[in-house]
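Student: These protein sequence lines map, in sequence, to chains A and B. Using the numbering used here, you'd call the opening residue of the first sequence number 5 and step up by one each time. Using the numbering used here, you'd call the opening residue of the second sequence number 5 and step up by one each time.
It should be emphasised that the hints constitute simulated quantities derived from the structure, not laboratory data. Some hints could be false.
Identical chains blur together in the list; that is why a pair holds if it fits in one copy or across any two.
[Stated by the list, open to error] Keeping only pairs whose Cα atoms sit at most 30 angstroms apart, straight-line, the calculated DSBU-like set for lysine-lysine is:
hint, residue 1, residue 2
1, Lys-315, Lys-210
2, Lys-159, Lys-315
3, Lys-64, Lys-159
4, Lys-101, Lys-210
5, Lys-278, Lys-68
6, Lys-210, Lys-271
7, Lys-101, Lys-274
8, Lys-271, Lys-189
9, Lys-189, Lys-64
10, Lys-64, Lys-315
11, Lys-210, Lys-103
12, Lys-274, Lys-159
13, Lys-210, Lys-42
14, Lys-158, Lys-228
15, Lys-291, Lys-274
16, Lys-271, Lys-158
17, Lys-271, Lys-291
18, Lys-278, Lys-159
19, Lys-291, Lys-158
20, Lys-68, Lys-271
21, Lys-101, Lys-81
22, Lys-159, Lys-226
23, Lys-103, Lys-158
24, Lys-178, Lys-158
Protein chains: 2
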Amino acid sequence: MTRIAVDAMGGDNAPFEIVAGAVWAASEYGVAIELVGKEDRIESCLEKIQKEGFLSDCGKAGRKRRVHIDVKSLDIKVTHASEVIEMGEAPGQAIRKKKNSSIVLTVNSVATGSSDALVAAGSTGAAMASSLFGLGRIPGVDRPAIAVTLPTMKKPIVVIDGGANSNCTPQMLKQFAIMGMTFSKNVLGIENPRVGVLNIGEEAGKGNELAQAAYNLLEEEKEKFNFMGNVEGRELFLNVCDVVVCDGFVGNVVLKVTEGTATLLFKMIKSTFKSDFLGMLVGLLAKPFLRRIYGRINYEEFGGCLLLGVKGITVISHGRSKAYAIKNAVRVAKNAVETGVNAKISEIIE
Amino acid sequence: MTRIAVDAMGGDNAPFEIVAGAVWAASEYGVAIELVGKEDRIESCLEKIQKEGFLSDCGKAGRKRRVHIDVKSLDIKVTHASEVIEMGEAPGQAIRKKKNSSIVLTVNSVATGSSDALVAAGSTGAAMASSLFGLGRIPGVDRPAIAVTLPTMKKPIVVIDGGANSNCTPQMLKQFAIMGMTFSKNVLGIENPRVGVLNIGEEAGKGNELAQAAYNLLEEEKEKFNFMGNVEGRELFLNVCDVVVCDGFVGNVVLKVTEGTATLLFKMIKSTFKSDFLGMLVGLLAKPFLRRIYGRINYEEFGGCLLLGVKGITVISHGRSKAYAIKNAVRVAKNAVETGVNAKISEIIE
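Using the sequences provided together with the hints, build the complete structure.
Tutor: Next up, the structure:
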């Protein structure tokens with residue numbers, strides 16, 4: 005049975021929502037779970053869930069329903085971690101200082117082979133640093149990168165790097181392309197994924213120095229990368245390519261602006277429907293339809309992003325994750341284990 | 005009377021939609037217009053508009069209505085330009101080679117004082133290069149920048165630079181802050197605008213080298229800038245600050261991802277409503293409400309972005325602009341003339 009280690013103390017809604025999501029995943033996906041964190045707090049969460057279940061809106065931003073799970077029937081292990089790394093701490097320093105922190109011990113569980121993959125919703129920096137330190141890099145990979153999956157009208161698109169490396173070299177972007185292609189093919193099931201460079205114009209020679217140099221590197225091996233050239237921000241959702249590479253600063257901005265724009269639009273829609281009586285009526289009728297869309301684009305549905313390039317599977321979840329998102333993050337981790345994405349990256353990079 | 009020079013040959017829908025938008029603006033805002041481009045083509049557009057008017061959906065992505073304007077009653081001047089700079093041409097080279105191109109002569113009209121401001125929907129690079137070359141920089145400004153206005157639930161937010169400079173220094177970002185503040189205050193009417201650095205985390209020390217250095221520069225003069233620190237992509241629309249600085253590569257990505265996300269969502273909404281009979285009915289009822297929102301976020305409503313830092317007023321419009329967007333771009337130009345934003349930037353920078 006696949007075992008997923010979950011940092012129970014990471015994220016804005018830790019530990020309860022994290023524990024609930026992990027337990028939910030165990031029941032729904034048939035995985036074993038290792039919960040890492042303050043033992044007494046985790047145990048009391050588990051007891052509460054066993055007794056009364058927990059509430060979740062299932063990522064639909066609507067009415068919550070109570071989920072009941074027989075925790076005792078599942079393979080759930082608790083590992084005590086006496087420390088927690090907080091959001092503001094400098095990651096490198098924190099993981100060296102807090103050797104008994106939940107994230108370090110979660111990674112440790114994968115490093116020692118006790119678990120097959122891990123899910124972390126706390127400090128992204130700490131999750132990356134401890135994964136890099138604890139699991140090591142895949143030989144040939146200079147820097148691990150976060151593969152973000154964004155929805156489009158058709159197939160999902162992978163944006164890599166989604167925030168692991170703020171300062172990048174063109175060579176790193178080329179490696180991101182290889183990792184992103186492997187992920188797209190093996191995890192998302194996309195045949196011969198098309199690769200593009202995120203840029204501010206379509207023509208070669210556009211953009212900043214990094215984008216120009218990355219363009220040239222990929223263009224040199226055009227066939228190998230099924231290279232589509234430059235891709236602009238508004239084309240991300242138009243199915244013109246399957247993998248788009250950029251530095252982690254730009255990638256993280258893309259991810260958050262997408263989220264921000266979607267949130268703004270839903271707020272505007274809500275407030276417009278509230279403007280008069282007819283609006284309220286129409287809004288009520290339109291609600292189930294709009295909720296369907298919200299479900300399609302909501303980060304909770306995607307669960308988490310894989311950190312590619314380390315020797316082990318790390319899924320990084322949104323800091324605001326609740327149970328439903330954590331459940332889906334465990335699904336992402338399980339998928340990654342089953343598809344052996346890391347082994348495939350090793351093969352290709354070497 | 006304020007006179008606005010318009011590059012009639014620039015943009016995907018040139019010359020007809022550009023001419024129509026300019027004429028429309030003349031009639032609605034009481035400005036004089038100088039249309040620059042191939043004389044015979046412009047004249048035949050004007051004749052057609054005089055005779056049959058033109059169709060516009062007024063930025064609502066809905067049914068078009070016919071707009072009738074008595075062109076002959078307006079102050080419209082046509083200036084012949086024998087050349088056109090195409091989208092793919094290298095801007096610097098193109099403006100030197102094509103001295104009789106419509107964009108160069110449009111800028112020239114402002115440089116010689118014949119017009120008070122200009123609107124350009126063609127190659128952004130060519131519009132910037134010719135403005136920089138033809139109008140010159142405001143003393144103390146190293147590089148001009150594009151001020152993009154994005155909608156939020158409350159006040160609009162200014163993102164600067166929206167695409168003029170792909171590679172930036174921290175000092176440039178500090179100047180962008182000054183220009184953005186001046187724009188926010190004088191053109192958008194926002195009292196004591198709050199400035200932030202676009203970054204991928206809230207804490208100081210986050211992000212790439214540029215963002216970190218810009219943070220430190222602004223933090224040193226915190227009071228002067230009403231500095232709010234780092235702002236993440238998803239906070240752009242949450243009214244946490246009024247001006248956010250970033251390099252032109254990131255700013256342009258933000259602008260286009262915002263557009264792409266909004267387009268995707270509207271497409272998803274449309275297709276969801278089409279999924280069954282009830283949906284079609286509800287969709288029909290919801291349409292006028294959704295159209296209102298589309299109008300609020302549509303780039304056509306904003307018309308165009310000011311290029312700040314040059315000695316003259318250049319409004320850069322979307323390449324896909326139709327008449328309605330051009331009309332609004334002329335409004336932006338007129339506002340900028342009336343508020344004297346450039347003189348204020350000069351004052352503060354010196």
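Student: Indicate, hint by hint, whether the structure satisfies it.
Tutor: Taking the hints in turn, this is what the structure says about them:
1. Lys-315 <-> Lys-210: For Lys-315 and Lys-210, the Cα distance is within 30 angstroms only across copies (26 angstroms; inside one copy 35 angstroms).
2. Lys-159 <-> Lys-315: Classified as within; 28 angstroms inside a copy, 47 angstroms across copies.
3. Lys-64 <-> Lys-159: Answer is both: 21 angstroms inside a copy and 28 angstroms across each meet the 30 angstroms cutoff.
4. Lys-101 <-> Lys-210: between (44 angstroms within a copy, 20 angstroms between copies)
5. Lys-278 <-> Lys-68: both (22 angstroms within a copy, 27 angstroms between copies)
6. Lys-210 <-> Lys-271: For Lys-210 and Lys-271, only the inter-copy Cα distance (29 angstroms) is at most 30 angstroms; the intra-copy one is 35 angstroms.
7. Lys-101 <-> Lys-274: Answer is neither; intra-copy 47 angstroms and inter-copy 53 angstroms both fail.
8. Lys-271 <-> Lys-189: between (35 angstroms within a copy, 26 angstroms between copies)
9. Lys-189 <-> Lys-64: within (29 angstroms within a copy, 40 angstroms between copies)
10. Lys-64 <-> Lys-315: neither (34 angstroms within a copy, 51 angstroms between copies)
11. Lys-210 <-> Lys-103: between (46 angstroms within a copy, 23 angstroms between copies)
12. Lys-274 <-> Lys-159: both (28 angstroms within a copy, 18 angstroms between copies)
13. Lys-210 <-> Lys-42: between (51 angstroms within a copy, 28 angstroms between copies)
14. Lys-158 <-> Lys-228: within (24 angstroms within a copy, 48 angstroms between copies)
15. Lys-291 <-> Lys-274: both (9 angstroms within a copy, 14 angstroms between copies)
16. Lys-271 <-> Lys-158: Answer is both; intra-copy 25 angstroms and inter-copy 12 angstroms each pass.
17. Lys-271 <-> Lys-291: both (13 angstroms within a copy, 16 angstroms between copies)
18. Lys-278 <-> Lys-159: So Lys-278 and Lys-159 pass the 30 angstroms test across copies only (20 angstroms; inside, 34 angstroms).
19. Lys-291 <-> Lys-158: both (23 angstroms within a copy, 24 angstroms between copies)
20. Lys-68 <-> Lys-271: both (19 angstroms within a copy, 28 angstroms between copies)
21. Lys-101 <-> Lys-81: The answer is within: 26 angstroms in one copy meets 30 angstroms, while 72 angstroms across copies does not.
22. Lys-159 <-> Lys-226: within (22 angstroms within a copy, 45 angstroms between copies)
23. Lys-103 <-> Lys-158: Close neither inside one copy (44 angstroms) nor across copies (46 angstroms); limit 30 angstroms.
24. Lys-178 <-> Lys-158: Answer is within: at 25 angstroms inside a copy they meet the 30 angstroms cutoff, but 41 angstroms across does not.
The structure does not agree with the numbered hints 7, 10 and 23 stated previously, though it agrees with the rest.
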